[in-house]
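**Student:** Work the whole structure out from these sequences, hints included.
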Amino acid sequence: MILTMGVDLGSITAKCVILQDGHQVLAERVVKGGMIGGGAEKAVAEALTAAGVAQEEIANAVATGYGRVIYAAANEEMSEIGCHGKGAFFQEPAARIVIDIGGQDFKVIKLGAGGRVVNFVMNEKCAAGTGRFLEVMAQALGHPVSELAQIGSRATEKVAISSTCTVFAESEVISHLAADKKVADIVAGIHESIARRIAGLAQRLTLEDKILVTGGVAQNQGVVAALAERLGREMFVPRFPQSNGALGAALYAFEKSSLVR
Amino acid sequence: MESVLQSLLEVAANPSSEVSRWRQRTGGKVVGWLPIYVPEEIIHAAGALPVSLWGGRTEIVRADAHLQGFACSVVRAVLEYGLKGTYNMVDGFIFPSTCDHIQNTSDIWASLFPDRPKFDLVYPANRQSKAAVVYLEQLFADLEQWLEELTGQKVTSEKLRESVKIYNCYRALLADLFSLRSRKPESLSGPEMGQIVKSSLFLEKAEFNRHLSDLLPWLEHRKVKPAPKARLVLTGIMAEPQEILAILDELGGAIVADDLALGARILRAPVREELPLPAALVDRHLRLGPCSTLYDWRKGRGAHVQHLVAEHAADGVIFINMKFCEAEEFDYPVLKAELEEAGIPLLFLEVEQQMAAMGQIRTRLQAFLEVLGKGAGS
Numbered sequence: 000m001i002l003t004m005g006v007d008l009g010s011i012t013a014k015c016v017i018l019q020d021g022h023q024v025l026a027e028r029v030v031k032g033g034m035i036g037g038g039a040e041k042a043v044a045e046a047l048t049a050a051g052v053a054q055e056e057i058a059n060a061v062a063t064g065y066g067r068v069i070y071a072a073a074n075e076e077m078s079e080i081g082c083h084g085k086g087a088f089f090q091e092p093a094a095r096i097v098i099d100i101g102g103q104d105f106k107v108i109k110l111g112a113g114g115r116v117v118n119f120v121m122n123e124k125c126a127a128g129t130g131r132f133l134e135v136m137a138q139a140l141g142h143p144v145s146e147l148a149q150i151g152s153r154a155t156e157k158v159a160i161s162s163t164c165t166v167f168a169e170s171e172v173i174s175h176l177a178a179d180k181k182v183a184d185i186v187a188g189i190h191e192s193i194a195r196r197i198a199g200l201a202q203r204l205t206l207e208d209k210i211l212v213t214g215g216v217a218q219n220q221g222v223v224a225a226l227a228e229r230l231g232r233e234m235f236v237p238r239f240p241q242s243n244g245a246l247g248a249a250l251y252a253f254e255k256s257s258l259v260r
Numbered sequence: 000m001e002s003v004l005q006s007l008l009e010v011a012a013n014p015s016s017e018v019s020r021w022r023q024r025t026g027g028k029v030v031g032w033l034p035i036y037v038p039e040e041i042i043h044a045a046g047a048l049p050v051s052l053w054g055g056r057t058e059i060v061r062a063d064a065h066l067q068g069f070a071c072s073v074v075r076a077v078l079e080y081g082l083k084g085t086y087n088m089v090d091g092f093i094f095p096s097t098c099d100h101i102q103n104t105s106d107i108w109a110s111l112f113p114d115r116p117k118f119d120l121v122y123p124a125n126r127q128s129k130a131a132v133v134y135l136e137q138l139f140a141d142l143e144q145w146l147e148e149l150t151g152q153k154v155t156s157e158k159l160r161e162s163v164k165i166y167n168c169y170r171a172l173l174a175d176l177f178s179l180r181s182r183k184p185e186s187l188s189g190p191e192m193g194q195i196v197k198s199s200l201f202l203e204k205a206e207f208n209r210h211l212s213d214l215l216p217w218l219e220h221r222k223v224k225p226a227p228k229a230r231l232v233l234t235g236i237m238a239e240p241q242e243i244l245a246i247l248d249e250l251g252g253a254i255v256a257d258d259l260a261l262g263a264r265i266l267r268a269p270v271r272e273e274l275p276l277p278a279a280l281v282d283r284h285l286r287l288g289p290c291s292t293l294y295d296w297r298k299g300r301g302a303h304v305q306h307l308v309a310e311h312a313a314d315g316v317i318f319i320n321m322k323f324c325e326a327e328e329f330d331y332p333v334l335k336a337e338l339e340e341a342g343i344p345l346l347f348l349e350v351e352q353q354m355a356a357m358g359q360i361r362t363r364l365q366a367f368l369e370v371l372g373k374g375a376g377s
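From first to last, the protein sequence lines stand for chains A and B.
All residue numbers for the first sequence refer to numbering that gives the first Met the number 0, where the first residue is 0 and numbers rise by one.
All residue numbers for the second sequence refer to numbering that gives the first Met the number 0, where the first residue is 0 and numbers rise by one.
No lab work stands behind these hints: they were computed from the structure.
From a predicted model like this one, the values you see are computed outputs, not experimental measurements.
The C-beta atom is built at its ideal place from N, Cα and C for all residues, glycine as well.
Some hints here could point you the wrong way.
Here are the simulated distance ranges between beta carbons [unchecked claim]:
(1) Ala109/B / Ala177/A: 40 to 50 Å
(2) Asp179/A / Lys335/B: 25 to 35 Å
(3) Ala177/A / His306/B: 54 to 64 Å
(4) Pro332/B / Glu233/A: 21 to 31 Å
(5) Gln202/A / Ile107/B: 32 to 42 Å
(6) Glu156/A / His306/B: 47 to 57 Å
(7) Asp63/B / Glu228/A: 37 to 47 Å
(8) Pro332/B / Gly111/A: 21 to 31 Å
(9) Tyr294/B / Ser152/A: 45 to 55 Å
(10) Tyr294/B / Ala177/A: 49 to 59 Å
(11) Ala49/A / Arg221/B: 47 to 57 Å
Listed below are the simulated EDC-like cross-link pairs for lysine to aspartate or glutamate, each with C-alpha atoms no more than 20 Å apart in a straight line [claimed, not checked]:
(12) Lys322/B / Glu123/A
(13) Lys373/B / Glu249/B
(14) Lys373/B / Glu123/A
**Tutor:** Right under this line is the structure:
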């Protein structure tokens, strides 16, 4: 039995996956606190406890995400783009495109044979279309970000959010509130705004089915549905959307450890 | 030899003290020129020190009062340096009509510094017309006259011929250095390579030539890093911030050829010494390109980059985009389609000269090497 671990240290959350023999997920944990705030250690400790294994039993660990270079406990690092490719291929071998919407960036990844990354595009330094954008809007609306999907599902129309810039979009949302627009309709407009931004970038790659949506924002059905409508394609959310990168890292750790043997 | 290399790196790290030293030592005039194409030979023949002003890493504070935040970081930095006095030792400025940002910065410059000598080098867009030749001859004659007035020295045909020789030698030596970068990428770190090219912008070229010709044979046997995993062609305006080159070294990527404005583009088309002067300088300008800032009816950049990939056995291309550089951004979709057609992997990397956070850059570079099969997981 070979146990491997993947740690994805994002800007807002830390994710840890413990994998047995490269195919069975023993534990998966997502905790608040990414690059700063000790999220990695916490996610690792929780995952080890959940899996009922000790750190010493882990044959190999790989880190990914923005914190990958500062997380010293890992034996190796791999870019989160490569890890998302591996994770997506494992979760859904038919996946050809991964749309990963994280806390501070989003990426669209094209997969080739065996889940190898053949091309990718990422947003530039701008929070539009990311989890951070959703958080700022949720704060302006006075609702937790986790409730947005449910609120948006009650919308009867989409209020247009025309600004791409997060700061301007926030003041637009406040104006809509002041104008007594329905909160549900504003939320639907926010989801649409994110989908528009991501779809614009995604179209730079030749899209192919099957498309997987991963990252924290994949848990918001409103955004996923808006994205499907924009791109005119079906979107699939895998079993571990937020830990997909950590899963890929654990898979890579397994490949490496089996090479050594 | 290590000390020669160190002195060049020192010039690149601290150009203004080097330029001030030259000015004190010789009592000559310093002429600063903005990117990309200026017939430096004429400046040199007028006895002045030509220095090339490609911005730099300075906090933009004063320039924001005059230039919008969506102007490219190079012109914003040039204006900032002007306002904070970094260019106080520069006696005259040349603004070529390279792009909207430089042309309009020239106007802002004139209103801010009405007493500082400035020459607008307004190029003809259509270089295929015979009128371009007539126009350029007059333009260069006007520049020569402006320089003579600034320096108080006559540009004689002997001096100009001598300067042309020195500059052709400079281009040939840098071509040798670039060939070394492809043959023996281990001989210089990425940042060292960038700094050597940068140092040449501030040193008198005969002096730089002496240093580089001393260095080249020694570099043949130098080894500062392992053989690269991936060979890359870099296209764009410039390879800055130079942390990018350090990150590439660390990941095992080597730039083996470039199509950079501050790089191979300014070294193209040596002056034909068999032609009369100054007509030979006009002839050179007509032969420059392909470049996003020069009208190119053949759209030759894609073919040129493909040629570089083949010639240098490169694995992929990085398009390093100076944010808000419209000329380059309009070239990108054409280049992308052509490289895709040719099956050459391409990474779009957006930068600003003053950017500090390198995390996103690192992710893109690392993932690109993985895509090339030259990184983790391959």
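**Student:** Checking each numbered hint in turn, tell me which of them this model violates, lowest number first.
**Tutor:** 2, 14
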